[in-house]
Amino acid sequence: MFEALADRLQGIVRNLTGQARITPENIRESLREVRRALLEADVQVGVARDFVARVEARAVGEEVLKSLSAGQQVVSIVKDELEHLLGRTPVTLAGSPHVPTVVLLAGLQGSGKTTFAGKLAVWLKARTKRVLLASADIYRPAAVDQLERVAEQAGAGFWRAPEGVLPVEIARGALEQARTRGFDFLVFDTAGRLQIDEPMMAELVALKQAVRAHQVLLVVDGMTGQEAVRIGETFARQVGVDGLVLSKMDGDARGGAALSLRQVTGKPILFLGVGEKLDGLEAFDPSRLAGRILGMGDIVGLVEKARSAVNEQEAAQLAEKLRRSDFTLEDFLEQLLQVKKMGPLEDLMKMLPGIPKAALEQARPDNGRLKRHEAILLSMTRKERRAPRVIDGSRRRRIAAGSGTAVSDVNQLLRDFEQARTMMKRLKQGPRGLAGLRRGRG
Amino acid sequence: MSLFSRFRAGLARTRERLVGQVGGLLQRHGAVDAAALASLEEALLAADVGPATTERLLERAQEMLRRSPELELRGALEQAAAVLLGGAPGAAPGVRFEPAGQRPWVALLVGVNGVGKTTLAGKLAARFARESRPTLLVAADTFRAAATEQLEVWAGRAGVELVRARSGSDPAAVVHDALRSATARGTEVVLVDTAGRLHTKHNLMNELEKIGRVCGRVVPGAPHHVLLVLDATLGQNGLQQAREFQRALPITSLALTKLDGTARGGAVLAIVDQLRLPVSLVGIGEGLDDWEPFDPEAFARGLFE
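Read top to bottom, the protein sequences are chains A and B. With the working numbering applied, the first sequence corresponds to residues 1 to 442, in that order. With the working numbering applied, the second sequence corresponds to residues 1 to 305, in that order.
On the chain A side, residues computed to face chain B include the following (Cβ under 7 Å):
#	residue
1	R36
2	V45
3	G112
4	A142
5	Q146
6	V150
7	E227
8	D252
Since the hints were made in silico from the structure, they are not lab data. Glycine included, each C-beta is placed from N, C-alpha and C at the ideal position.
Pulled out of the complex, with its shape left as it was, chain A reads as follows:
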């Protein structure tokens, strides 16, 4: 997301080293870069300015600590402010004391409300809640059909109002259905609308009342630019928003909209949508995002992802291996097998810190290669896997023959392994490893 920011800050604040104290003069260039980086990350221009002013106010007058480089010092202030702005602690979706809890989804056209409805249903279902999905989108062709499919995929309940029923009546009907059929949650999808469309905004207010929404979630495209502020402000003022959802966060947008939205609504970001499949929902963790902003990677996210695919113990072992640099082909094989269970590698690799995008491109493994790797690794002796140094030319030929691959494939694997090992090392030596991520406020 904001990977570039940390690199740039590390670079530009070097000029602070050797200075006794941070002054408005010697920090000016750094702050300009912070502003620019925020703008490039789509943080709204006013929000970026306030942010920079706060960083400046905190930094100026501070002594340049001997133990830290001045760069790290500014980075730590920026990170702290980021965490502050994003909210210190993760917030989860609040259930209502009265069953059913009604969650109303609002947002612009194409922000991903319907897909999120399905993801939320899956998420709630995993928490043993019974969920009913219903839609008041009578405008977009086939919108209700889409929700019906999504409900089916999610294994959630679905209710469709008879043809010709108006949105507010649909809301009442959906609530009635959820009550009488004993659902724990009603997730109520609405039509996308522009925040300047007054009749449609008025309709949303009416829907909120009719469905007795306990939580109004504003769903915003994670690639949104400056408009995020106007969207957040208007929906919050006119309708009332209880929480935020950022969709399409699996892309490479820097996601500065998150900061803008937090600033203007003051409401927590609850979820990040990642991917089109219904299990692509992540609980939002502010400190994790702040770390990601600063290029510290997302080890916690990686481990969590691993955890959902492999069991706890295996996950702990994997995390341990990620930290260790005495990483052998044996681990590589094991990891390969686990990774196969964990889903798209692209998603996983993005969570690793300190890996430039270009390296990611290079390292992107295709599935065919994965299969070849597995075959090659299984054709090695245990000794070879434990001490890859012993794999000479004749062993390479034997392994290639045994796995039905070419020597060049074996070489490729050994190169991939080296690359992985380098990553692990970088992880271990990074400015702050896992400990830094967990330390929280510095």
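Starting from the structure of chain A, add chain B where the hints point.
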């Protein structure tokens, strides 16, 4: 307090820094009000033009001012933006989204999820149908739930035929069959609505590449137009999107949707600036006629309104 007045109130602090950056340069060549400069810079940034292209536009405007001192800064900036977008006085007309003699003329609508491809496909089909050009809509989004049903409604509204496939089938195969039948029937315009895909998903980008190849195999020279659809609320990620889509298929032009809101769509400036891709049309609502050919001057003016 309105957002705009908040920008204003906050400007004082930024002003000084900006005067140092650009203002100084400008002032040497004539009196430019630093406050005006700061507020115009902010307007560009607030329109998603992005810091790099904003800087470039300010520089170009400054050059213009040097040559024609009678211009105002805002006028010069508008002109610089319009020129960048292909609206120079006397310039060749921009790219148009329409056939230039090919039959069938095959156009692909591509873009990330939720930008409004299907809606735009419906509007464009209606337009060609109204011109009495035999038009075929192809639902190549076999992934998103009910995407085909959505396009079906649009095909009905537009009064054109639709080729649909079973959900989950190979979109390239759908396109292949559609083009075969279009060729056999003498269809003039084929609009292919592809599934939304994030440009970071390699498999999906490969799929798009394949769709492009299949087009060319059935109809030589196809696709004749690849329209990258962008949402006006899009931020700085737009450039990356355009770059990646460009890598999969040669983009012919850009369409900017949802311009009926308050978003200015300034992200296209960076794309046009860096990738030299023209903008051909804009979407301005959910009705059948809610689109217009792109007008660089009007768009440039809109950035500052």
